[in-house]
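Following the hints, position chains B, C, D and E against chain A.
The lines below spell out each chain.
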Amino acid sequence: MIAAIREAVAERLGSCDGVVALRRRNGGVAPHLFQKGDELAEMELSPRYPLMTVVSRLHKAFPAIRLGVVARGCDERAYVEMAKRNQIDPTRLEIIGFACTAEEAQACYCREPSPKHPVAGTPPAPGPPNPLVAKYDSLPLEERRSFWKKQFSKCIKCYGCRNICPECFCEACAMEDMAWVEPGLLAPPFPTFHLIRAMHMASRCVACRECEHTCPAYIPLTVLYDLMRRDIADLLGYIPGADIEAQQPLSLSLEQAPLKK
Amino acid sequence: MTNSIPELETDSRCILIMGSNTSEGHPLIASRIVKAKERGARVIVIDPRDIQIARLADMYIPFRPGADVAVLNGLMNVIISEGLEDKEFIAARTEAYAEMKAVVEKYTPERVQEISGVPADMLREAARLYARNKPAAIVYAMGITQHTTGVDNVKSIANLAMLTGNLGIAGAGVNPLRGQNNVQGACDMGGLPNVYPGYQAVTSPDAQKKFQDAWGGTADTVVGLTVMEMVNGVGDGTLRALYVMGENPMVADPDLHHARHCLEKAEFLVVQDIFLTETAQLAHVVLPGGAFVEKDGTFTGTDRRVQRVRKVVNPPGNAMADWEITCRLAQRLGAGGFDFASPKEVMEEIARLTPSYGGISYERLEELGFLHWPCPAADHPGTPYLHKGKFSRGQGQFHAVEFKEPAESPDQDYPLTLTTGRLMFHFHTGSMTRRSEKLHQEVPEAYVEIHPDDAARISFKRGQRVRVHSRRGQIELDVRVTKRIKPGVVFIPFHFAEAAANVLTHAAIDPTAKIPEYKVCAVKMETIGVKEAKSQGPS
Amino acid sequence: MEYQNTLTTCIYCGCGCSMYVETIDGRITGVWPDKTNQISGGRLCIKGWNVTGFVGHPDRLKNPLLRKEGKLVEVTWDEALSQVAEKLSGIKRESGADSIGLMTSAKCTNEENYLMNKFARAVLGTNNIDHCARL
Amino acid sequence: MMDAGRHPRIKLMTCSEVVAVSGYMGNYRATIRTKPRYIREDLCVGCLQCIDACVFKKPRFPDEFNMGLGLRKPVYLPFPQATPQVPLIDPENCLQLKTGKCKQGCAEKCERKAVDFEQKEKIQEVQVGTIIVATGFKTVDPHKVPYYGYGKYPNVYTALEAERLVSASGPTEGEVILRDGRKPETVGIIHCVGSRDEKTNRWCSRVCCMYSLKLAHLIREHSGAKIYNFYIDMRTPGKGYEEFYNKLLEEGVQFIRGRVAEVTDWAVKPGEEGKLILRVEDTMIGQVRRIPVDMVVLSTGLESQPDAAKVSALFGLSRSADGFFAEAHPKLRPVETNTDGVFLAGCAQGPRDVPDAVAHAGAAASMAIALLNKGEVTIAPTTAKVVREKCVGCGDCLPVCPYTAISRVEGKAEVNAALCKGCGTCVATCPSGAIEGLHFTDEQLVAQIEGVLT
Amino acid sequence: MSVESGFDPKIVAFMCNWCTYAGADNAGVARMESPHNILAVRVMCSGRVSPEMVIRAFRSGADGVLVMGCHIGDCHYAAGNHRTAKRMPLLRNLLGYVGINPERMELAWVSAGEAPRFVEVTQAFTKKIRNLGPLAQEVTE
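Protein chains in written order, with the numbering used here: chain A, 1 to 261; chain B, 262 to 800; chain C, 801 to 935; chain D, 936 to 1389; chain E, 1390 to 1530.
No wet-lab data here; the hints were simulated from the structure.
Since we're looking at a predicted model, the values are computed, not measured.
By construction, the Cβ of each residue, glycine as well, lies at the ideal position given by its N, Cα and C atoms.
One or more of the hints may lead you astray.
Unchecked claim - Derived Cβ-Cβ restraints for the label pairs, each shown as a range:
#1 A:L254 x D:A1382: 27 to 37 angstroms
#2 D:Q1016 x E:R1431: 50 to 60 angstroms
#3 C:P858 x D:P1316: 34 to 44 angstroms
#4 E:P1491 x A:K116: 52 to 62 angstroms
#5 E:R1431 x D:G1003: 42 to 52 angstroms
#6 D:R1047 x A:L254: 55 to 65 angstroms
#7 D:A1069 x E:D1414: 33 to 43 angstroms
#8 A:A246 x D:K1309: 36 to 46 angstroms
#9 A:D234 x C:P858: 48 to 58 angstroms
To be verified - Result set (DSS-like, lysine-lysine): computed pairs, CA atoms no more than 25 angstroms apart in a straight line:
#10 B:K526 x C:K868
#11 B:K572 x C:K862
#12 D:K1057 x D:K970
#13 B:K526 x C:K892
This is chain A alone, in the form it adopts within the complex (with noise of 0.2 angstroms):
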């Protein structure tokens, strides 16, 4: 697959001024921009980055210039709902897709492990749902509150959620507002820290599930974030990620976007 991918990033760096993808350097494997006359065989698919934030940053430090990314299903979702919000701009971008393997699917219960046109590999069958799911959602609201007190206090504010979401691109984020979180608290203060990402993430959560992989305390966020999903789907009939033409319906009116039920 990975042959296939370079092929086709070799050929887009004709249309393109550089493709962003991830490279193994010193010992790891990390983001990099592949520009003409860089060394192709470089180029790795995995462990996953946001990528899309990365081509965000080039989108805004070089106006001009035109991007490929090699990107998975969430990249090209988040690429969705990052477009809508003016942080890439569609016109500069190309993406060059590639569905993950089933066993990628089953470990990220990923309802749509494939971009919509991929160049390589073929989209496997969709993860099941978390499980988790399910479960937190059927408990009483007691075992609830007390098991997700328990998850959040072992949370050692490194806002490593936020940082490597790719939708959170916030220049000033709410979570550090002195006003909501009082700030220097370990763990941070229940429910204000960890609700706010919860409410923003209602319109723009594409269950990339990075979220979940970067946090040190191993708190289950992306359980909080898919029943949010599902809320805003049952209420609002919107999938974030799902169609870059299709305005968040939060910021519109009755009339614009009504309340399914």
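Chains B, C, D and E in isolation, oriented as in the chain A frame:
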């Protein structure tokens, strides 16, 4: 650390954490412990403060600061009296067990309870938990070492590990968590008055000869001065010059009034740093060094893990990487052997002269990412954990250690015990973290943690500040009232020069290690006027 | 247009987490955790994520300083180094190497600590070298 | 109308409509489309020779002003007092404009060469400080009340048609002559047609009673006919109105209190042949009566203009439940709207008669002028403000503002304080707190929350 | 915990200035009895109430939170309450997911003229919170 960090997650069946606020001091090691807990490992936390790591512990044992040896001896007392010790390991690989056993037998749980405040049955349960779940790792940090009885504490920990055969196997060991990114490396590289690189003693003529030949000249075989002695030295004139690189004694040293007094009298003080720290402001010459992203090199982590540091940007203005400054200065003094083109070449010289770093090179690091020393040869894979099969000194030595009171205990005048320590959001004297906007905004200024009972005793009201006095000085601070600390104990982080905890601490030091007793001193507190009522939130 | 990620090790605590420092045209723009590192494994603490926070701070020392009439004044490297060299060699001549003390740093690299130790012992000839490991 | 035409500081733009408006209070830019008149206003002196010289010797096309009762030529003057006194050419019916083949008699006759068939539609932009929307009303379409037989029976007229008949400058020079040429002996005037009625409009149109009385008086005077007025409540609220009503009572106009059920031509009783029969319950005597008349006049009510939706979108106006434009406050600010700088005058805001409309328009004009004279405007202090460094330009706030006060400037959001009403919805929408709600900042509200809870 | 136990709930009520706040005023003027537990925080429009504010109210010790504003279509600013109508259900569910009883938060439209409805809504909500018992300690410690 005798063992490596990943083993905590993969192999340890019990982790005893004593004197380490792991979540704040070593967050990603705490992360491994969180994972280990999920795998079923048992966690015991012994600390005067109910720190965050304690919240996921199976057993949390608060105790009186300074009573570490008593608690450790108490644990060993229970293990021996219930026959849980590893008799085979003791027989085969240790010596002087009898003397230690004789001392330990005096520390019955009841006596330990009286000394340290740890309930007897809790002590018994903890001892059984540690002994019965092998391999068991002991993790500790400055909470153990920064005492006048620091060396005794560490010896007791070693005793406990050897008693239960928890050495030389994966997931076990005696694991000091070194506080700084390269404190292990600095020690390895001979940054100590008593050893050459690789812990080759200065007092050994062979070592002296080795370096004499290698360098064309070296010092005599008399152990040099420690930090504390150097500071006192410039104070009383025995030392005429002091060259400080990347250190800030004006905030880090104990008894800061004394330190300021001495440093101000230094005849010639050179400070090489990246900021004009409190110490640099007193210097005669200040040399602008480079930050870690402005130079190549290696750091050695707490588990003897050597990893590369790579240059990302150029130093600002005319600042220069520290290794270049030292080389230029040496050449200026006419010394040979300092014309290195890059740190890579320096490492090659280190590998030649330091047995434990023998097999370490930039090429290998580029490929493997890291290497654990000792790594004697170029094909050696490195040593994740030490003392496999045999102790480097031959037989593991037990030490008979008696409990000694800390240098200064609370009394009527100064009824509270002050302990100092680290915060998650800051690092050491704060010269870097307080200049990082995202860290500064979390904890912009110093505070003191006090128990509600102590707060009530001085009729403290929300929004008020307090003044903390010790026999050495006083500072004013914000207050955080929390149940997560033992009544009678107060905690102050030492990152804040304007309210330096070390103004209060005393300079009494451990006789052997000469490490000051930051963790225990006696203070008193009084409330002062209300600072503009900050919304403290529902603390 | 230059985009780079350089793998380095954290400057703060002893864990030894490693991360990629991202630069665009030589400007530091972010930090990515190194997912292959055994300790951090794609995770960092708040200090790790903000490890480059202080690098561009205006307080950074940019030139050597020399105390003249009680005030620290910016000077050239040449003047500063020669001042230090003369002073140290003079003190060594008059009162012997042991009247000089050196403090190396747990925040500098192994190579720098080695050179400092070599400078103390080989160039000056004193064992008065320590660092804050014991503080 | 004449005075407005001649006033030096009033620029009258006839045959024109506003197609777009942008900007905000004090800085509006309106785009105006002027349709071609085919006669140059700057040259024509209003001698109207061209009308006579038109190839159509006799008027053949229905005259809109006279509600189609009279006829006109393709080149015509809309109505006698038209301002400016300049005729216009109807492109649908003028041979030259329709087919391009005509002797162009009008053009030759005009010595000043004012006729110009090449005139095109003109679009221009005008900078204005304030806007007064005075788009008026529309009378209810009588077809909405089918049981009154308008359109089915020729002798059923709307009040406006009756108005033209009694007018001296009307098609019949004031003679009340029916469509079939007869002069009516009995006339029935029905009030509240399409008003105070669930099926059409619920509101009272306020003016119909009085103009019905006026028509009753004039028709009686011009034709001597016997007049019946069918009303629910006689509403004579103005100065001298009640006295006029009493005068009519004395003149013998028959007033029957009851809502006419239907108008038919089914003659049942003798003497009803050839007449229109109004069945009505006379609530005064509690009986249903059949009143045969020669002519029926329907006093149709007032409703909002058909294009009110388009116009409200154009000027950012909201509309009240009855479809008229919504005033800022029914009692205290009847001429202002929620969009500062835009005012309402006359029936665009709701039904009212001429004196009230004049007073209302005067109020609107004075408010507008007051605003213009001040030069600067004091705005509510509780507006929102964007902290530019914090804004990342995601645009979540843009669609939130009902006053389109937020726009994107160089990639970041910016609030136009003149338009912002301080509702704070954008402040709550912004995920990064980049928009501060002055006087209702997060810090202030949190302080209140903490205050009430301690 | 029923009434006897002396638990007197604290309920933060965000009230929109044009409708609910005026309605509450009218209730007072008309001498109607509404519970003292209602702690009013006036905002210009219910759209000003962000989810963060509701969460912060719980964090600061509220046992219940009411978000009140004009009926849909009555909003003085045309569509401010539309956004409230969408945000609050999402937040309510989220509170439930982390174990805070969603009943502790409610969205209620009360116009200026509905003083009786204001009293009815506040009394019903206070009674419900009284039965649910205090939330304060569970959230902070």
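Compare the distance between the alpha carbons of K526 (chain B) and K868 (chain C) with 25 angstroms, and conclude whether the hinted pair is satisfied.
Given pair K526 (chain B), K868 (chain C) holds - Cα atoms ~16 angstroms apart, limit 25 angstroms.
Range agreement (Cβ of R1431 (chain E) with Cβ of Q1016 (chain D), hint 50 to 60 angstroms):
Taking Cβ atoms as reference, Q1016 (chain D) and R1431 (chain E) lie about 55 angstroms apart, which means the hint holds.
With a cut-off of 25 angstroms on the C-alpha distance, tell me whether K526 (chain B) and K892 (chain C) pass.
Within the cut-off at roughly 19 angstroms; holds.
D234 (chain A) paired with P858 (chain C), Cβ distance criterion 48 to 58 angstroms:
Check passed, 51 angstroms falls within 48 to 58 angstroms.
CB-CB spacing for P1316 (chain D) and P858 (chain C) relative to the 34 to 44 angstroms hint:
At 36 angstroms between Cβs, range holds.
Does the hinted range 55 to 65 angstroms hold for R1047 (chain D) and L254 (chain A) at CB?
Hint holds: Cβ distance 60 angstroms, inside 55 to 65 angstroms.
Per the hint of 42 to 52 angstroms, is the separation of the Cβ atoms of R1431 (chain E) and G1003 (chain D) within bounds?
violated, 59 angstroms
Take the C-beta atom of A1069 (chain D) and the C-beta atom of D1414 (chain E), compute their distance, and say whether it sits inside 33 to 43 angstroms.
Because 36 angstroms falls inside the window, the suggested range holds.
Pairwise beta carbon distance, L254 (chain A) to A1382 (chain D), judged against the given window 27 to 37 angstroms
holds, 32 angstroms
Given hint K862 (chain C) paired with K572 (chain B) - CA-CA distance at most 25 angstroms
holds, 18 angstroms
If you check the beta carbons of P1491 (chain E) and K116 (chain A), does the distance land in 52 to 62 angstroms?
37 angstroms Cβ-Cβ, so the 52 to 62 angstroms window is violated.
Against the range 36 to 46 angstroms, how does the distance between the Cβ atoms of A246 (chain A) and K1309 (chain D) compare: consistent or not?
The hint (36 to 46 angstroms, Cβ to Cβ) holds, given that A246 (chain A) and K1309 (chain D) are roughly 45 angstroms apart.
When each numbered hint is compared with the structure, violations occur for hints 4, 5.
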